[in-house]
Amino acid sequence: MSDLLQFLASGVTVGAVYALVALGFTIIYNASDVVNFAQGEFVMLGGMISVAGVAAGLPLPLAALIAIAVTSAIGVALNTFAIEPARGAPVVSLIIITIGASIFIRGVTQIVLGKGTHRLPSFSGDEPLHVFGATVLPQSLWVTAGAVAIFVALWLFFTRTLTGRAVLATSNNRLAAQLVGINTRFVMTLSFALSAAIGALAGVLITPILPTSFEVGISLALKGFAAAMLGGMGSPKGALTGGLLLGLMEALTAGYISSHYKDAVAFFVILAVLFAFPRGLYGSNPTERV
Amino acid sequence: MLTVEGLRSRYGRIEVLHGVDLFVGSGEIVTVVGANGAGKTTLLRCLSGVQPVSGGAITFRGEAMTCVPAYRRVARGLAQSPEGRQIFTNLSVEENLRLGAFIFADERVERDMADAFAMFPILREKRNQLAGGLSGGQQQMLAIARALMGRPACLLLDEPSMGLAPILVAQIFEVVKALKALDVTVLLVEQNAFGALSVADRGYVMETGRVTMGGSADELIADPRVREAYLGI
Ligand SMILES: Nc1ncnc2c1ncn2[C@@H]1O[C@H](COP(=O)(O)OP(=O)(O)O)[C@@H](O)[C@H]1O
Ligand SMILES: [Mg+2]
Numbered sequence: 001m002s003d004l005l006q007f008l009a010s011g012v013t014v015g016a017v018y019a020l021v022a023l024g025f026t027i028i029y030n031a032s033d034v035v036n037f038a039q040g041e042f043v044m045l046g047g048m049i050s051v052a053g054v055a056a057g058l059p060l061p062l063a064a065l066i067a068i069a070v071t072s073a074i075g076v077a078l079n080t081f082a083i084e085p086a087r088g089a090p091v092v093s094l095i096i097i098t099i100g101a102s103i104f105i106r107g108v109t110q111i112v113l114g115k116g117t118h119r120l121p122s123f124s125g126d127e128p129l130h131v132f133g134a135t136v137l138p139q140s141l142w143v144t145a146g147a148v149a150i151f152v153a154l155w156l157f158f159t160r161t162l163t164g165r166a167v168l169a170t171s172n173n174r175l176a177a178q179l180v181g182i183n184t185r186f187v188m189t190l191s192f193a194l195s196a197a198i199g200a201l202a203g204v205l206i207t208p209i210l211p212t213s214f215e216v217g218i219s220l221a222l223k224g225f226a227a228a229m230l231g232g233m234g235s236p237k238g239a240l241t242g243g244l245l246l247g248l249m250e251a252l253t254a255g256y257i258s259s260h261y262k263d264a265v266a267f268f269v270i271l272a273v274l275f276a277f278p279r280g281l282y283g284s285n286p287t288e289r290v
Numbered sequence: 001m002l003t004v005e006g007l008r009s010r011y012g013r014i015e016v017l018h019g020v021d022l023f024v025g026s027g028e029i030v031t032v033v034g035a036n037g038a039g040k041t042t043l044l045r046c047l048s049g050v051q052p053v054s055g056g057a058i059t060f061r062g063e064a065m066t067c068v069p070a071y072r073r074v075a076r077g078l079a080q081s082p083e084g085r086q087i088f089t090n091l092s093v094e095e096n097l098r099l100g101a102f103i104f105a106d107e108r109v110e111r112d113m114a115d116a117f118a119m120f121p122i123l124r125e126k127r128n129q130l131a132g133g134l135s136g137g138q139q140q141m142l143a144i145a146r147a148l149m150g151r152p153a154c155l156l157l158d159e160p161s162m163g164l165a166p167i168l169v170a171q172i173f174e175v176v177k178a179l180k181a182l183d184v185t186v187l188l189v190e191q192n193a194f195g196a197l198s199v200a201d202r203g204y205v206m207e208t209g210r211v212t213m214g215g216s217a218d219e220l221i222a223d224p225r226v227r228e229a230y231l232g233i
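Read top to bottom, the protein sequences are chains E and L.
FYI, the numbering for the first sequence is 1 to 290, going by full-length UniProt numbering.
FYI, the numbering for the second sequence is 1 to 233, going by full-length UniProt numbering.
Take these hints with a grain of salt, some might be off.
[Said to hold, decoys possible] Short, incomplete list of chain E residues facing chain L, as computed with Cβ under 10 angstroms:
no.	residue
1	L162
2	A169
3	N183
[What the hints assert, rightly or not] Non-contacting residues of chain E with respect to chain L, defined by C-beta distances greater than 10 angstroms in every case (computed):
no.	residue
4	F81
5	I99
6	I103
7	S124
8	A177
9	V180
10	Y256
FYI, nobody ran anything at the bench for these hints, they're computed from the structure.
For every residue, glycine included, the Cβ atom is placed at its ideal position computed from N, Cα and C.
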């Protein structure tokens, strides 16, 4: 029983990170129909830049803020210099552009910040808490609470603000959005900035638990993509559900079968979703989007 | 009110508007009729700024519009109900209307919405339903009402009768006529030449990217070439 609780606790922590990565996929997909495979790099940048900031003597919160700001700027640059000029190109080409961008970001990070593997200090110590017989790191609570806070903030943004409604309208029908006076280019820029910032924040939250290096983005992108597919590409609720489910499935696989198979879970989920229910749990009807 | 001179536009390398000239006076209902593929939709897309213009000029209320970005044109008084309705299917009827007034944040929005509901009572009944669930005719009404929420001086209507049952087509043309009383200038694009010409003051005929004829609606309805080509008489 306490084993199970332990697995569930670690599944939720990792799942919260996958949910944030999936949310990043969702926001950009909604604004532009692009599946942005550089999403994992945003998480990596959040961790790596914070690590560099802390190493340079900055306090962690400041280092984290700088990391999030720089990563947002990189997200905006990705849109401005790679996606926007290719506007009107087939979606497959746009996806390949994002894969190229992710390779580029990885390369530059390796040159600028090195090949090492790093950890951030935990936000409030490493003394484990005991909850119902499971041991939980305080950092796990930070990760989970951070993810919850981001989802709530985003929900408020979409439902309560004019800009949020502009984003929703643009994702529902770009042409109609333009015709009612919404600046859809700004919405795209904003979506890339937002996705990158969320990815970077996820990186800051998780790096005290999962060490980072210039390479960690690939597998995070893959898992976030799997989570987004599972929940239904384009649905924030789906991103949350898909992320948590994937995290739990991984933790249970690692706990009851073998940690060797843990990383295969995401592949299995992608294949299963593609074959069995391509819309995912909450995805909209693909024909409705056209 | 609206002057278009020598307007050219292309999709990639293929030019589809080869220098279109037309004029819409204040308070008029002007129609552009023409066969499928003539370039009518492209013309309206250029007017709303969602299609690049490669030559010529658009002047609206004395201001050059050609370089004004699409999202600023509603504020200048130009709104469009596009071909295929293009409503926000995932949002409610009311949210669609509110988005039509996206650029406004004053109490007039509520009044305009009440006016829209008075004009299209069925929309009031369905105000909380998802717009995607409306019938074709209701979606068309919503598209027109949403454009009106932008308080246009000139309303661009692209094929509002397309795909509708005859009784609804008649109803839509009645709505267009009623706009005249609201002081809204209308540029109506239609394949249904007879319906459009019977509500319009003036009309143009468009063929493969050029305006080939123009005149009062009565003249055009009486013209043997128009009768043969577009009215099937
Ligand atoms: N997105 C597009 N890409 C390429 N060609 C297009 C596109 N849209 C329309 N066309 C072409 O432009 C011409 C004019 O089309 P359109 O403006 O839609 O005409 P209409 O509205 O009069 O039916 C047609 O030959 C059509 O094939
Ligand atoms: Mg058309």
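Tested hints:
1. L162: Holds: closest Cβ of chain L sits about 7 angstroms from L162 of chain E, inside 10 angstroms.
2. A169: holds (5 angstroms)
3. N183: Because about 4 angstroms separates N183 of chain E from the closest Cβ in chain L, which is inside the 10 angstroms limit, the hint holds.
4. F81: Since the minimum Cβ distance to chain L is about 20 angstroms, F81 of chain E lies beyond 10 angstroms and the statement holds.
5. I99: holds (26 angstroms)
6. I103: holds (29 angstroms)
7. S124: holds (41 angstroms)
8. A177: violated (8 angstroms)
9. V180: violated (5 angstroms)
10. Y256: Y256 of chain E is indeed farther than 10 angstroms from all Cβ atoms of chain L, at 40 angstroms.
Violated hints, listed in ascending order, are 8 and 9; each of the other numbered hints is respected by the structure.
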